[in-house]
Structures are given as C-alpha cells and as structure tokens.
Amino acid sequence: MAEKVHKVRTTPEQMAEIEQQWIDEVREDQELTTFGLYPQPSRGSADAQGSYQLYLPPQYETEPERRFPVIYWLHGGFSNARQGSEMVARIDKAVRGGVIPPTIVVVPQILPIGWYVDSKDGARPLAQITAFDLVHHMDGTYRTIPEAAARTVEGFSMGGFGALHLGLKYPKTFGRVSAVAPAILRDLKDEPEDRVNNTYFGDQEYYDLCHPWSLVLANAPELRRTSQVRLLSGRLDTRLAPTIRDLDARFTDLDVAHDFFEFPDADHEYPDIMDGYGDKYYAWWRTA
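Count the sequence shown with the working numbering and you get residues 1156 to 1443, in order.
Rather than coming from a laboratory, the hints here were simulated on the basis of the structure.
Wrong hints could be hidden among the right ones.
List time: in silico DSBU-like cross-link candidates among lysine-lysine, alpha-carbon distance up to 35 angstroms [what the hints assert, rightly or not]:
1) 1248 with 1275
2) 1248 with 1435
3) 1435 with 1327
4) 1275 with 1327
5) 1344 with 1248
6) 1275 with 1344
Here are the in silico distance ranges between beta carbons for each label pair [claimed, not checked]:
7) 1391 with 1191: 34 to 44 angstroms
8) 1248 with 1171: 38 to 48 angstroms
9) 1380 with 1348: 35 to 45 angstroms
10) 1304 with 1191: 21 to 31 angstroms
11) 1203 with 1297: 28 to 38 angstroms
12) 1408 with 1200: 41 to 51 angstroms
13) 1434 with 1178: 32 to 42 angstroms
14) 1241 with 1276: 28 to 38 angstroms
15) 1167 with 1433: 36 to 46 angstroms
16) 1438 with 1377: 41 to 51 angstroms
17) 1435 with 1408: 29 to 39 angstroms
18) 1252 with 1221: 28 to 38 angstroms
Glycine included, every Cβ here is placed at the ideal spot set by N, Cα and C.
Just need the whole structure built from these sequences, with the hints factored in.
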C-alpha cells in the first residue's frame, strides 16, 4: 500500500472526473466491510452524497445494547476507500483475538485528491464533510460512543496529512489522532501541481494555515488537555521522514503529548511500517 509521488501529469479531463468521485464503486468480492452512503449537506445540496466502507466488530451483533469506539481511516492520494482493506483486516484480527476493544471502522471515500481540507475556493469542503457530515451520520445511524475520546482519525500518506489536519483542527470531534507516513512537506512547491492546485490554488499562505505545523500551535492548549497523537514513519522514506521528525520536535517544544516511531527498514509502505511497529500498534488502541 504505497503512495509514491504522482509523476504522470493529470489532464484537465481526468481532474474533472477525480473531482466528482464522491462515491466509490461497489465490489461484490469485498470482505469484512459493507458499502454505505451518507448525506453531505456541507456541499450545499440536499442530494449530495458520499460513500464509505464500514467494518462492524462481531460484538455489534451479539451485544445489541453495547456502544463502540470508532476509527475513521483516511485513504492516500489518488486512491479510494478500498485502500483501507488491509488496515481493516488487521483490526478485525486484533478484535477477534481480544488484543484491542471491539471497534467500528469507517473508511470514507473523500476524493482521490483534496487533502481532507476545505479547498480555498470553497467548492470542496472536505474537512467539514468528514468532521461533521460523516461523523453526524455515523453517530445517528450506528451504536457509536458519540464522544471525542472514543473517536480516532487515522490515515496514510495524504490521509495522514488529513488525520493531522482534522484531529488538530477539531479536537472536540476527534480525541485521538494517528498519522502513518503523513505527507506533510512544508513547501507547497515540493508537491506536484496537479496534486495540490485544486485545493490550495498555489497559495502557500493557505497551505500553511491548513498545515499541522500551524494547527498544533493554534490549538496547543486544547490538545494538551484532550488529545492523544501518534506519528509513524519509515526512515527510508527520505522525502517525508525529515518533515515528520520536525513535527515530532514541534509537538515536544509545545508540550503536546504524543508518540513517535520511525522504523529503520521501512520506506513509504503501510505494511512495512505496521509490521515494524508490531504489537505496539495495538497497545495504543488498548488505551482508548
């Protein structure tokens, strides 16, 4: 599950199609998850919808009075909700083995690119859709624990940026934040134009405003009181590892409690980072 730098320039026609991929395809062969739709009123239309993949632990059926914590898992760039299948398989195995508490997992389809932020032009309010429309739907439809402390936002690569953006911007919604190899380069020019232009429109100041580097400073008092944060990366990921180390130092300087692990033998590969982290990945969930 790698998200390498996108080197082939996206045509305007392809970009127009990407910007409409709010709903992922339904797969008959999918395991462990079911396909769902939810309203997206933040897009300004009563008919707007998005899709998600949903994992319910076995206890959801066998314990009908019980409520469950939720993980919102965010896919990487130029990908879709089905990218979360490996993470879901790991969580399911851990739940069935009693390694972590029974947990609901939601993997939303939030456009192949867009960074999970509200685009500068207002056309794609992805942060509002994820933090409000999706969370409201899940809490109103399923037996969740509707509290920030019981909600985790986790993501890989672009999804890791999104997890940090959402978790640091909305600590009253997401009390736990886990970023795996987050794509958090500081200079907007270091990202291919077609990956960022429809979100930031070349505006470094707006990018800085959305960046975890700024958000952790802006909300440090609240984050110190309420949030648990985790940063995971691979040392061989030479493009991103230095900026992730810098963010680790930023958290430390601001006295915001967090966990940071960098694995010597991992590149920008989700399975390698997870395997390197081992049981410590699940130990973090046991504190939920």
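Structure-based check of all given hints:
no.	hint	verdict
1	1248 with 1275	40 angstroms, violated
2	1248 with 1435	15 angstroms, holds
3	1435 with 1327	26 angstroms, holds
4	1275 with 1327	23 angstroms, holds
5	1344 with 1248	41 angstroms, violated
6	1275 with 1344	16 angstroms, holds
7	1391 with 1191: 34 to 44 angstroms	36 angstroms, holds
8	1248 with 1171: 38 to 48 angstroms	40 angstroms, holds
9	1380 with 1348: 35 to 45 angstroms	39 angstroms, holds
10	1304 with 1191: 21 to 31 angstroms	24 angstroms, holds
11	1203 with 1297: 28 to 38 angstroms	21 angstroms, violated
12	1408 with 1200: 41 to 51 angstroms	43 angstroms, holds
13	1434 with 1178: 32 to 42 angstroms	36 angstroms, holds
14	1241 with 1276: 28 to 38 angstroms	34 angstroms, holds
15	1167 with 1433: 36 to 46 angstroms	45 angstroms, holds
16	1438 with 1377: 41 to 51 angstroms	25 angstroms, violated
17	1435 with 1408: 29 to 39 angstroms	24 angstroms, violated
18	1252 with 1221: 28 to 38 angstroms	19 angstroms, violated
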